[in-house]
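Since the structure of chain E is provided, determine the placement of chain H on it from the hints.
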Amino acid sequence: MEALDGLEQSLTELRQTFTSGRTRDVAWRKDQLRAILKLIDHNEAKINLALHQDLCKHPVEIYRDEIGVVKKSANYSLSCVEKWMAPKKGRIPWLFFPSRGEVLPEPYGLVLIFVAWNFPISLALDPLIGAISAGNTVVIKPSDLSPACSAFLASTIPLYLDPTAVRVIEGGAHVAEQLLQHRWDKIFFTGSHRVGKIVMSAAAKHLTPVTLELGGKCPVIVDTLSDPSEIMVAAKRVAGGKWGPCSGQACIAIDYVLVDRKFAPILIEFLKKIIHQFYGENLKNLKYLSRIVNKHHFARLCSILEDPRVAASIVYGGSLDENNLIIEPTILLDPPLDSEIMTEEIFGPLLPIITLDNIHESIEFINLRPKPLAIYAFTKDEKFKKLVLMETSSGSLTFNDVMVQFLCDELPFGGVGQSGIGRYHGKYSFDTFSHEKAVLYRSFFLELEPRYPPWNEFKLQFLRFAYIFDYFRLLLLLLGRKLQQMFASSH
Amino acid sequence: MGSKDAKKEEAFDAEAARSLVNDLRGRFASGKTKSCEWRVSQLKAMLKFTNEHEKDIIDALRSDLSKPMVESFITEIAMLKASCEFTLKGLKRWMMPEKVKTSITTFPSSAEIVPEPLGVVLVISAWNYPFLLALDPVIGAIAAGNAVVLKPSEIAPATSSLLAKLVGEYMDSSAVKVVEGAIPETSALLEQKWDKIFYTGNGKVGRIVLAAAARFLTPVALELGGKCPVFVDSDVNVKVMARRVIAGKWGLNNGQACVSADHIITTKDFAPKLIDALKVELEKFYGNDPLKSEDLSRIVNSNHFARLAKLLDDDKVSGKIVLGGQIESKDLKIAPTILLDVPEDSLIMNEEIFGPLLPVITVDRLEDSFRSYNLKEKPLAAYLFTNKKKLKEEFVRNVSAGGLLINDIGLHLANPHLPFGGVGESGMGSYHGKFSFDTFSHKKPVLYRSFGGDASARYPPYAPWKLKLLKALLDGSIFGIIRALLGW
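Chains as they are written, first to last, in our numbering: chain E, 1 to 491; chain H, 1 to 488.
Just chain E, same shape as in the assembly (with noise of 0.2 Å):
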C-alpha cells in the first residue's frame, strides 16, 4: 500500500518534469549522456562487483557485453543527438505550392523501461540512452532476480542523473504490476514471451506503444566445411555464441545447431577442443562461465535434462553443481524434437545438435517454428545464403559469426513475431522513443478554386487532372476556362 502512494507521488512528478519543457532541450540531453558516461567510469569496480554476485559474470566478458556496449551507445547518441532532434524535411508535390513539408521528432513524455535480470545494467542504461536522447522523463524497473544490480542502480542513477526526471523502482512482479496499472506514454520491455503479452495487455488499456525485446530459439545452421582451420573458426564462433553470453542465458545466445549428419561428428569434435579451451575441462575446474541465475531457473534446465530420451542423447559434459548453481556445457545430438529442450527456449548451457539428411531442410526446419530473434548460418555457398535470406524470417540474420550484430549501431535491433515488437540501437533508439510529427506549412497565397462548393462539371476535370497530377493537361484546363470566359464576356 505504501509502495502505491509513493509511486503516485513520483509519476506526478515526473510528468510535471516533463511538461514543463526541460528534458527537451538539447543541452539536458547531452548532459544526461555525460552523466551515464560518468557512472559508468566511476563504477566500473562496483558494477563489476554487482554483476558477479548476481551471475558470477567474468570482468571481460562485463566489459564485452555491459559495459562496453553502454559506451559506445552513450557515445554514440552523444555525437548524433542534435543530428537526430532536427526536422526531417518532406518532399511536396507541385500542386500543394507553395508549401513546406517536414516530420519533427518529439519525446512521448513519461515512459516506462522493464529490464531483464541477464544483463541487467546494459538492458537498463541502454534504452534509457534512447529515452533521454528522445527527450523523455523515464521510470526504470530493474528485475528483482539481479537484486545486486538493481540495487547498484538504484542507489547510482540518482547521484549522476536528474532525479526529477529519471528514476528507479525497485521490486518484483508485484511491483511491477503496480506500474502497469498506470498510464505510460511508452513501455519498453525487455524479457520473455509471456511476461510480455502481459505488458501488451496492460498497455492495451491505455493505448500505450510498446517495444517488446523478447527471445526465442535462435537456430545456428552449420554448413559442411571442409577447410579445418575454418572449421575451427565456426566452431570457436558456435561456442563463443552459446556459453560466452551469460552462460546460455542470453536473447541472441545460440539454442541449437542445425547440421548435416556426416558432418556433425567433426562439428562436435572441434566443440569439444574448444570447450576444454575456452572454459577447461571438468566441472571443478570452469572457469569464464556465468552462473545459472537462481534455484528455479536451475531447477528448469535440470529437469529438462532428467528426460530419459533427453540424458541419452547427451554426449558431452552434463554434470551439475547445485551449491554453485554451475551447469557444465553440455552438448546433446538429436535429442527428441518434442521434448522439452527443442519445444522451449533453452536460456542455458545446453547446445542440442540436430542433424539433417541435407543441410537445405534446415530451412524448413526453421519456418516450422516461431520466428526468433536472430539466425546464424555458417555457409560459403552464396546460392545457400540466398535461400536462407529470403526464406527464413527472425529479427536479424548474421552469417559466419554469432552475436556482433548487436555491436552495430548502424543495424536496428528487434524481434518479429513472437521474438517481438519494434528495435533499437543506435539512431532506432531514439526513434523508438519518439513520435514522428508531421508538419505541413501552407500559404494564404494562391488559392486554388476548384477545392470548394458549389461543384460543377469544370472543377471535376480540374480535380481529376489535378489528383495524378496531370500539370499539362491542368493547364490546357484552365487555358479553355479563360477563352470561354472572354468569349462569354466579349459577346
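If you are wondering where the hints come from, they were derived from the structure by calculation, not from laboratory data. There's no promise every hint is true.
Only part of the chain E face toward chain H is listed, based on derived beta-carbon distances under 10 Å [stated by the list, open to error]:
1. Tyr108
2. Glu177
3. Phe278
4. Pro412
For lysine to any residue, the following SDA-like pairs were computed, each having C-alpha atoms within a straight-line distance of at most 20 Å [said to hold, decoys possible]:
5. E:Lys427 <-> E:Arg194
6. E:Lys383 <-> H:Pro97
7. E:Lys295 <-> E:Glu322
8. E:Lys287 <-> H:Trp465
9. H:Lys389 <-> E:Ala86
10. H:Lys392 <-> E:Asp25
11. E:Lys205 <-> H:Tyr170
12. H:Lys466 <-> H:Leu485
13. E:Lys385 <-> H:Pro97
14. H:Lys89 <-> E:Gly280
15. E:Lys380 <-> E:Asp260
16. H:Lys44 <-> H:Tyr170
17. H:Lys273 <-> H:Asn237
18. H:Lys434 <-> E:Leu104
19. H:Lys239 <-> E:Lys380
20. H:Lys466 <-> H:Arg483
21. H:Lys389 <-> H:Asp368
22. E:Lys380 <-> H:Ser110
23. H:Lys389 <-> E:Tyr467
24. E:Lys386 <-> H:Glu98
25. H:Lys443 <-> E:Lys380
26. E:Lys459 <-> H:Lys81
27. H:Lys55 <-> H:Pro97
28. H:Lys292 <-> H:Met69
29. E:Lys272 <-> E:Ser319
30. H:Lys268 <-> H:Lys388
31. H:Lys81 <-> E:Arg464
32. E:Lys205 <-> H:Asp368
33. H:Lys443 <-> E:Leu389
34. H:Lys471 <-> H:Ile104
35. E:Lys427 <-> H:Lys44
36. H:Lys81 <-> H:Tyr170
37. H:Lys32 <-> E:Leu387
38. H:Lys279 <-> E:Arg451
39. E:Lys383 <-> H:Glu294
Beta carbons are placed, not taken as given, at the ideal position from N, Cα and C, and that holds for glycine.
This is chain H only, laid out in the frame that chain E set:
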C-alpha cells in the same frame, strides 16, 4: 441460388476464421505474394476496378453517406488512385535492400537491411471514408508482400458489399479476401493470430483490438481520432481562412472525419469577424438552406444522428448557437452549426464531435492556449491559421498531435511524403506513401562476416591484453586497436 443463400446463412464464426487464416498462411508460405509481379498485378487490378466502376463507387457512397459526387471523387476515388500509382512507381525501389555502413568494431563485414513481408495481415476499416480507408491500407499490405483479409465497416453496407464484389472479381482471392459483417464476425477474426492488424476507427474499439493482438504479440497500427483543434489568429487573410475552415469541416463528410476541424480557438476580439466570414462563405458554398444542399453529406445513421442531437440538447449549449442548429431527422441532416463559447465541461467539448457542429472558443491570448492544450488528449491533427512566424514556431514546438498543418486543414493527408498517424489517444503507427509499405514490413538486418579476421580477444581464456583490445574495438578507435595489438 438456393445454395448461395445457404452459404450466406452460415455464420462466419471462429472456426471459419481459423480456417481462413490457415488457407492464407498456406498461400503466403508458397511464396506467391512475395513476388514483385504478383504485387504489381494486384495493385493494377485495384486501379482497374476503381476506374471501371467509378460510378458504382459513387453510388455506393451516396447510398451509405449521401456523399456528394465531387467529394466522393476527391476524397475517396482520386486519393485511392493516387496512392496506387505512387506505390506502383516506388515499389521496386522500396523492395530493394538498403546497404548499411559497418564500423571497425565488426571489421571485416558488410551489412544491409532487407524488407520482408510480415505474413498474413488483417485490415479493419471505418465507415466514414469506407472506400479509401478500406483499400489504402490494403495497398500497403500488398505492396509489402503480405496476404490480406479486409473487414470493411458494416455501417457503410453498400460500400462493404461493393468492395467484396470488386475484390473478389478482380484480385487474387486466394490471398486477398474480404470478410463482411459486424461485431460477431470482427470478434471471430480478432480471436485468430495475425502477423499485423491495421485498424481505423475509435479509441474504444482500438483498445479491444490492441488487447486481442496482445494475446499473440501481434503488432498493430491504430488510426484513431480525437478533437482536432483549429487555432485562428487575427493576422490572417480572413476570406481564405474561412473557406479552408469550411472545406476542412463540412467539406469533409460533413465533419465526420478523423482530421476534420473539431472546434476553433480564437481571441475574444477576433471571434465576431471570424464568425461573420464563416457565415458569408457558408452561404456561398451551400446556399441559404443548407439542409437542401446536394453538396453536403448526411449523418451516417440514426445512432450518430441521435448522438449529435443530444450534444445540442443541453440548454447551456443550444443557447450558444450563432448559426444553424436546424435538424431534419427524416433525412438524417443537420445544418452547419456554429456555437460560441459553450461551457468547457459540456459534452460537446469533451467528446470528439464527428459532425457538423463547430464550437468557437474564445481566449485572451492564443499562445497561452497552446500550453493548456498539451494537458488534453493528443488529437490526430492540430491546425493553426496565422501569418506570424513566432506563433507558428510556438505552435509547432508546443502542440503535440499526430500531425500539424499551418494555414489549411486536412491537406497533409494527401501528401504521400509525410507519415500519417496519431500519438497517444489518437493512435500508433503511421502510413501513406512508403510509410504504408514500411508499416506492413519487417526490416530485417543482415550482417555478412567472413571466416577471416577472427580476433582471439573475443574468446576465453581472458587476459588483460584481451580486455585492452576489446575496449579499443568497442570504442572504435584505430589507435587503441593498434596499441592493444602491439601490447602497449
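The hints, checked one at a time:
Taking 10 Å as the C-beta contact cut-off toward chain H, the hint placing Tyr108 of chain E at the interface holds, the least distance being around 7 Å. The restraint placing Glu177 of chain E at the interface with chain H is violated, with a minimum CB-CB distance near 15 Å, outside the 10 Å limit. Nearest Cβ of chain H to the Cβ of Phe278 of chain E: about 4 Å, under the 10 Å cut. The hint holds. Because the beta carbon of Pro412 of chain E sits about 6 Å from the nearest beta carbon in chain H, less than 10 Å, this interface hint is met.
Distance restraint check for Lys427 of chain E and Arg194 of chain E: the Cα-Cα separation of roughly 28 Å exceeds the 20 Å cut-off, and the hinted pair is therefore not satisfied. Proposed proximity of Lys383 of chain E and Pro97 of chain H is supported: the alpha carbons are some 17 Å apart, at most 20 Å. In summary, the hint linking Lys295 of chain E to Glu322 of chain E is supported, as the alpha carbons are separated by about 8 Å, within the 20 Å threshold. At most 20 Å may separate the alpha-carbon atoms for a hinted pair to count; Lys287 of chain E and Trp465 of chain H meet this at roughly 18 Å.
Our distance criterion of 20 Å between C-alpha atoms is met by Lys389 of chain H and Ala86 of chain E, whose separation comes to about 18 Å. Taken as a hint, the Lys392 of chain H and Asp25 of chain E pair is honoured in the structure, with Cα atoms around 19 Å apart against an allowance of 20 Å. Restraint check for Lys205 of chain E and Tyr170 of chain H: not satisfied, since their Cα atoms lie roughly 39 Å apart, outside the 20 Å limit. Between the alpha carbons of Lys466 of chain H and Leu485 of chain H the distance comes to roughly 9 Å, so the proposed pair stays at or under 20 Å and holds.
Between the alpha carbons of Lys385 of chain E and Pro97 of chain H the distance comes to roughly 15 Å, so the proposed pair stays at or under 20 Å and holds. Proposed proximity of Lys89 of chain H and Gly280 of chain E is contradicted: the alpha carbons are some 60 Å apart, above 20 Å. Between the alpha carbons of Lys380 of chain E and Asp260 of chain E the distance comes to roughly 15 Å, so the proposed pair stays at or under 20 Å and holds. About 10 Å separates the Cα atoms of Lys44 of chain H and Tyr170 of chain H, which keeps this hinted pair within 20 Å; it holds.
For the hint pairing Lys273 of chain H with Asn237 of chain H, the CA-to-CA distance comes to about 11 Å; that is within 20 Å, so the pair holds. For the given pair, Lys434 of chain H sits about 17 Å from Leu104 of chain E by alpha-carbon distance, which is consistent with the 20 Å threshold. Restraint check for Lys239 of chain H and Lys380 of chain E: the C-alpha separation of about 70 Å exceeds 20 Å, so the hint is violated. Our distance criterion of 20 Å between C-alpha atoms is met by Lys466 of chain H and Arg483 of chain H, whose separation comes to about 12 Å.
Using a Cα cut-off of 20 Å, the hinted pair Lys389 of chain H and Asp368 of chain H holds, with the two alpha carbons roughly 16 Å apart. At roughly 15 Å between alpha-carbon atoms, Lys380 of chain E and Ser110 of chain H fall within 20 Å of each other, so this suggested pair holds. Straight-line distance between C-alpha atoms of Lys389 of chain H and Tyr467 of chain E comes to about 30 Å, which puts the hinted pair past the 20 Å bound. Of the pairs offered as hints, the one joining Lys386 of chain E and Glu98 of chain H holds, with about 16 Å between alpha carbons and a cut-off of 20 Å not exceeded.
Pair hint Lys443 of chain H plus Lys380 of chain E does not hold up; C-alpha atoms about 24 Å apart against a cutoff of 20 Å. For the proposed pair Lys459 of chain E and Lys81 of chain H, the alpha carbon gap of about 18 Å is at most 20 Å, so the pair holds. For the proposed pair Lys55 of chain H and Pro97 of chain H, the alpha carbon gap of about 40 Å is over 20 Å, so the pair is violated. Between Lys292 of chain H and Met69 of chain H the CA atoms are separated by roughly 15 Å; this keeps the pair inside 20 Å, and the hint holds.
Annotation: proposed proximity of Lys272 of chain E to Ser319 of chain E holds, straight-line Cα distance about 15 Å (limit 20 Å). Restraint check for Lys268 of chain H and Lys388 of chain H: satisfied, since their Cα atoms lie roughly 18 Å apart, inside the 20 Å limit. With a CA separation close to 10 Å, the supplied pair Lys81 of chain H and Arg464 of chain E stays within the 20 Å bound. At roughly 31 Å between alpha-carbon atoms, Lys205 of chain E and Asp368 of chain H are farther apart than 20 Å, so this suggested pair is violated.
As the CA atoms of Lys443 of chain H and Leu389 of chain E are separated by approximately 12 Å, the hinted pair is consistent with the 20 Å bound. For the suggested pair Lys471 of chain H and Ile104 of chain H, the alpha carbons sit about 12 Å apart, so the restraint of at most 20 Å is met. Pair hint Lys427 of chain E plus Lys44 of chain H does not hold up; C-alpha atoms about 36 Å apart against a cutoff of 20 Å. Simply put, Lys81 of chain H and Tyr170 of chain H have alpha-carbon atoms about 16 Å apart, close enough for the 20 Å limit, and the pair holds.
A C-alpha spacing of about 15 Å is found between Lys32 of chain H and Leu387 of chain E, which places the hinted pair at or below 20 Å, so the restraint holds. Proximity of Lys279 of chain H to Arg451 of chain E is assessed by CA-CA distance (about 18 Å); at most 20 Å being required, the pair is judged to hold. Between Lys383 of chain E and Glu294 of chain H the CA atoms are separated by roughly 63 Å; this puts the pair beyond 20 Å, and the hint is violated.
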